[in-house]
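Q: Sequence:
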Amino acid sequence: MTVWDELTARGLVAQTTGEDTVKELVNNGKAVFYIGFDPTADSLHVGHFLPLVVMRHLQKAGNKPIALIGGGTTMVGDPSGRTDLRQMMTQDRIAENVGKFKKQIGKFIDFTDDKDMMVNNADWLLNLNYIEFLRDIGVHFSVNRMLTAECFRARMERGLNFLEFNYMLMQGYDYFRLHQEYGCNLECGGDDQWSNILAGTELIRRKLGKDAHGLTISLLLTSEGTKMGKTAKGAVWLDPDKTSPFDFYQYFRNVADADVIPFLKKLTFLPLDEIEEMSRWEGSDLNRAKERLAYELCALVHSSEAADAAAEAAKALFGGGGVSENMPTTTLDECPDDGVGLLDLLVLTRLTPSKGEARRLVTQGGVEVNGQRIEDIAWRLPPELFVEPVILKKGKKTYHKVEIQ
RNA sequence: GGGGGAGUUCCCGAGUGGCCAAAGGGGGCAGACUGUAAAUCUGUUGUCUACGACUUCGAUGGUUCGAAUCCGUCCUCCCCCA
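Per the numbering used here, residue -6 is the first one in the first sequence, and the count goes up by one each step.
Just so you know, these hints were derived from the structure itself, not from any lab. Possibly wrong hints are sitting among the right ones.
Under the rule of at most 27 Å between Cα atoms (straight-line distance), these lysine-lysine pairs were calculated in the DSS-like manner [unchecked claim]:
{"#": "1", "residue 1": "Lys394", "residue 2": "Lys235"}
{"#": "2", "residue 1": "Lys95", "residue 2": "Lys53"}
{"#": "3", "residue 1": "Lys389", "residue 2": "Lys235"}
{"#": "4", "residue 1": "Lys235", "residue 2": "Lys308"}
{"#": "5", "residue 1": "Lys259", "residue 2": "Lys23"}
{"#": "6", "residue 1": "Lys283", "residue 2": "Lys258"}
{"#": "7", "residue 1": "Lys259", "residue 2": "Lys100"}
{"#": "8", "residue 1": "Lys389", "residue 2": "Lys348"}
{"#": "9", "residue 1": "Lys348", "residue 2": "Lys387"}
{"#": "10", "residue 1": "Lys259", "residue 2": "Lys57"}
{"#": "11", "residue 1": "Lys283", "residue 2": "Lys389"}
Whole structure, please, built from the sequences with the hints as guidance.
A: Here you go:
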């Protein structure tokens, strides 16, 4: 099976600048492709994961990857798919994030052979001369055309300032630079990047008369139509300090039925026929597929040890209520003689953000301590309870262990 | 630069002097049902030392016994004209 067939069978390809040429390129390992990541936060999140997977598929087929960190473009802010202005970030913040991104991306893609394969566009964007840039690059962009681009549509209604409007030129210029310096001939990105990618291919054609290509990756949407990896508490991060491996595992363990098979195809490297097999499972059997999905991803992102631990913890909790080593834990220094207030403990463990919410939760019967439902908001956990680790349960699936040092 | 309009709680959006911690919807959380799924139904959704107190309606300064609501200044955004 060729990479192209693999990518399309997994539903990863959204659109290309020309199927035949792109197919030919990647199948023969002739693509020097780049994917950009803007360091807008201090960690990659699940949304970045899909491009990384595509990168790996392409690399395995002998194509050369370039990971571009957008240290420069982040100074501008991509308006695509946004309804409002991004918060401006300081240069220091961005530089800090760049470092973290580099580390995380390095975990997924093998850069050992060629150090230059990870680049930062701050290196060339930050020192651009305005007039020069306008004359060299700006002339090649038609404002009329840009305004009709899909990526600006939402913003045409709510407002778009000149800074953001230039994002497209920046990204186009990136591709142009990479094309010249590294022979980069394929840009990949989320489907929302389509207009930005075209900006690059067209710039290269106009300035150099050469063809460069583009491929977009279908956005990872849940069956509900929401963006994957966004929860009420924020994104699901790849950094274990921001989203614990256990929570990460649970996130994927809890996907909707309709999402399991597509996610397995898109996000994991499990052989397609194996996934095909699972797609025949029905009803509660699908839970096994979800376990697999969660396990595979946890192993990919963290490690197989972390995945084992998370799976074991989940099994202990949901299977038979056993105490587990591997669930989120809070360690207290000591327990006062008159015990610890339940509400205080809920806030302390961050199971609830405020005491008001803790109070409501308890009143509504959503809290269990060591398997026993507690509905008394004044209840205190006596010191002798802490001889063994105490298991708090919030709702149906949030567990937290509390122990005394 | 001129004219018009708008900024409300997580989001959308009511509220135009006291009955406003602020309608309604969405989202979230919890309960029932279940398969750690979906759908459905119910409750709940500012904080706290909790039948009371405190802080919130872009910012700030006023008017008033009393302001999200009225007035001044400032900031931000949108629309029309240039």
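Q: It remains to establish, for every hint, whether it holds in the given structure.
A: Verification of the supplied hints:
1. Lys394 / Lys235: 18 Å, holds
2. Lys95 / Lys53: Cα-Cα ~20 Å, so holds.
3. Lys389 / Lys235: Holds. Lysine 389 to lysine 235 sits at ~22 Å (cutoff 27 Å).
4. Lys235 / Lys308: Holds: lysine 235 and lysine 308 sit about 23 Å apart, inside 27 Å.
5. Lys259 / Lys23: 23 Å, holds
6. Lys283 / Lys258: 12 Å, holds
7. Lys259 / Lys100: Given that 27 Å is the threshold and the Cα spacing comes to 19 Å, the pair holds.
8. Lys389 / Lys348: Holds, at roughly 20 Å.
9. Lys348 / Lys387: Holds. Lysine 348 to lysine 387 sits at ~14 Å (cutoff 27 Å).
10. Lys259 / Lys57: Roughly 21 Å separates the two Cα atoms, so the pair holds.
11. Lys283 / Lys389: Within the cut-off at roughly 18 Å; holds.
Consistency note: the structure conflicts with none of the earlier hints.
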